[in-house]
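Undergrad: Work the whole structure out from these sequences, hints included.
Below are the chains, spelled out letter by letter.
Number of protein chains: 2
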Amino acid sequence: MSILIKNATIVTQNEKREILEGDILIQGNEIAEVGKVDEKTDSVIDASGKMAIPGFVNTHTHISMTVFRGYGEGLPLHDWLNKKIWPAEAKLTAEEVYWGTLLGACEMIRSGTTCYSDMYIVHTDEIAKATEKIGLRALIPRAMFDLLPGRDAKKELKEAVEFAERWNKHHLVKPCISAHAPFTCSEELLVKAKEEANRKNLKFHMHVSETRKEVFDILKEKKKRPFEYLNSIGLVDEHSLFAHAGWVTKREIGIVGKNKASISSCPVSNLKLATGGICQLTEYDELGANVTLGTDGAASNNSLDMFETMKMASLLQKHHYWKANILSAQKIFDFATINGAKALGFNNGSIEKGKLADIVLLDKNAPNMVPFHDVLANLVYSANPSNVADVIINGKIVMENKKIENEGKIIEKVKELTRNYL
Amino acid sequence: MSILIKNATIVTQNEKREILEGDILIQGNEIAEVGKVDEKTDSVIDASGKMAIPGFVNTHTHISMTVFRGYGEGLPLHDWLNKKIWPAEAKLTAEEVYWGTLLGACEMIRSGTTCYSDMYIVHTDEIAKATEKIGLRALIPRAMFDLLPGRDAKKELKEAVEFAERWNKHHLVKPCISAHAPFTCSEELLVKAKEEANRKNLKFHMHVSETRKEVFDILKEKKKRPFEYLNSIGLVDEHSLFAHAGWVTKREIGIVGKNKASISSCPVSNLKLATGGICQLTEYDELGANVTLGTDGAASNNSLDMFETMKMASLLQKHHYWKANILSAQKIFDFATINGAKALGFNNGSIEKGKLADIVLLDKNAPNMVPFHDVLANLVYSANPSNVADVIINGKIVMENKKIENEGKIIEKVKELTRNYL
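Residue numbers (the numbering used here), protein chains in the order written: chain F, 1 to 422; chain Y, 1 to 422.
No lab work stands behind these hints, which were simulated from the structure alone. Do not take every clue at face value.
Since copy identity is lost for identical chains, a pair holds within one copy or between any two.
[Claimed, not checked] Each computed DSS-like pair below joins lysine-lysine, with the alpha-carbon atoms no more than 27 Å apart: (1) LYS402 <-> LYS415; (2) LYS250 <-> LYS323; (3) LYS323 <-> LYS220; (4) LYS200 <-> LYS133; (5) LYS402 <-> LYS6; (6) LYS413 <-> LYS402; (7) LYS396 <-> LYS36; (8) LYS6 <-> LYS403; (9) LYS223 <-> LYS213.
TA: This is the structure we're talking about:
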């Protein structure tokens, strides 16, 4: 199968960050050529008036929680979790997780995301199955925790490893190892989990320092701040991805940077849950960390829109430092594409020969995208999901002219399931 | 001309804030009935699977500045204004203002805005003409300032009054009186401007306390904080609308509230320009002010999207007060609709019998709008411009099934003009 995308404005995200006018040749699941291409292909997409960008990499979400969008709104955080989300999660069925994943996938595709990183504990095979079914790329774990009643480190690890082995030979889905958070996992589990990830050459993903409370709980128990603690037990390296990471000291940012670890900042969710503070993306970036962006789940966002997340991430830095020209639009776009790819270990995130063909076409001639004074500023500050026209993942067209196969059926099924469920 | 909207989920914004399943009958430019309607009309819109909301009222923008979207990005505020925006504005032609307004109008319509409040100084007749041409509703002034070289209070006032008289008999456009800001206008001009507004029964619109610097400049010169000063010269009453109003004391919020004046908070622009601080919407609302929302111009936003502005406004309050359940989604939606209508003095902002027919239909069955646990939360936190299907203003369909008449021509014309211009 080969596809030729003709006459696009291509935001390559290559080494030189070139923006080219030209064509993209896709052969199989890879980009075979970028530039002027004259070649017979199975299909041709006329991209005149369109902009081709590498699809967004959303590095932290809980995709199946899309079924909880808007559930338990207007409650303080503690009541929201205890009275609404956790009781609801305890009753979640495999079917709800499967269809919730498909729903979240449709929303991601419509907003230009082609690759995501999940974290969930139950029915994770359903998440992986649904993701492959719709044709999205993802890094998926069977996440673990053992510091709550009825949980056992050994059993957690066994299930996580079995999941990883089951999904290790797939194309779109890759497994990773994930421990929920420093305050929900024993030191023993954390150490063994990371050892397992290293042994299997898998990425490691966890929450850290989302709220101020957990920072002080860890400090009290371990006499170290969270990243100092995690570093002391060997968890902070270039194969680790830490979500949130907002309540940190400059010394901790230095630890993350020096070890070239990745962080996934989720600004929309952090503000919605009022976790306080602003994640210091600027300092993480300056000190060598790989900065990436995530939406978190739709239960706390309440969308999965990476355009919104880019703009929010950028604006919060300007606000926090009282500096309008901090972090360029190019930097923010890097966080959402090429840096995300690096964090998850996929060969995507840019439009270059030899990269996986994960490409999004945007309407350039939409009123919110005109004029063209600054293409990157338009992408980061002006674009929204209404501009997404076509989405190609792994060389396959998953959205064509704003149409996704079976989307209507997915929506009806989720509506039916959530009627039964609540 | 009559239109029947059948089988919609209607977010009425009536006194009881009811959400109904039913029909909306439009006769001429008014809503004639809401509920179950069986009546022959000139046209029928099948709104099954759609949600009808009152169109957003964007209470502060500079619509023609849409031609500057993304222009001079990445510069500190002072350089951006001095080296880019002001020199560019000095050269703006009537034609650029006219087509820039049409472009901004298309973007507003596509993002569900049916009514806006502008502030601009040059070629304001072109703004009014273009607004009426495309069928948007607006409050438009010929704004004034006299504290810069070459400006004269008398001439300013004369032109502002003549503009108001020219546009006072129109349907979609209503004039208002606007003075730019306390630091750009003499006390004499401010007093006379407000007297003129009172005499003609017009709304009064100005910037105030956008940056910390201007607050301290006024404090130094007038020995009063901006709202204390404005109140002492009779400018703060229920017919006044103050944009930004972010750098204020609680005492000033009390003055605004007691006098039932309106504020237009523009959170996206404030963050983008790094003005610092968070506008205390919660306190303004509690102390009796009429809180409304604006996008500001696309030069500093860089979009005109009220969905984004609602979400940003809400999330910044949660963040600022470390309180996830501060200000309900309903309150935020009120700010963006019914409160905006009150501030501008239009009989719109809700879907009720006798109101002006300014209605937006959204696709309910889009992946980012499902499930329906909480309709208001979905509107404020999950919806985006891709959900806007049809827009009716003043009883006339201005966007039908995502199509706006002449939009392609408007976009091409702006591209051509901005090519010449830069």
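Undergrad: The structure should be examined with respect to each hint, and the outcome stated for every one.
TA: Hints, verified against the model:
For a Cα distance limit of 27 Å, the shortest separation of LYS402 from LYS415 qualifies both inside one copy, at 21 Å, and across copies, at 25 Å. For a Cα distance limit of 27 Å, the shortest separation of LYS250 from LYS323 qualifies both inside one copy, at 19 Å, and across copies, at 26 Å. In this assembly of identical chains, LYS323 and LYS220 lie within 27 Å of each other by CA distance solely across copies; the values are 25 Å between and 35 Å within a copy. For the identical chains of this complex, LYS200 and LYS133 are intra-copy neighbours only, at 25 Å inside a copy versus 65 Å across copies, given an alpha-carbon limit of 27 Å.
Taking the shortest Cα distances, LYS402 and LYS6 sit within 27 Å of each other both inside one copy (18 Å) and across copies (26 Å). Proximity of LYS413 to LYS402 under the C-alpha cut-off of 27 Å is found in both arrangements, the shortest distances being 20 Å within a copy and 26 Å between copies. Proximity of LYS396 to LYS36 under the C-alpha cut-off of 27 Å is restricted to the intra-copy arrangement: shortest distance 21 Å within a copy versus 47 Å between copies. In this assembly of identical chains, LYS6 and LYS403 lie within 27 Å of each other by CA distance both inside one copy and across copies; the values are 20 Å within and 25 Å between.
Taking the shortest Cα distances, LYS223 and LYS213 sit within 27 Å of each other inside one copy (15 Å), while across copies they are farther apart (43 Å).
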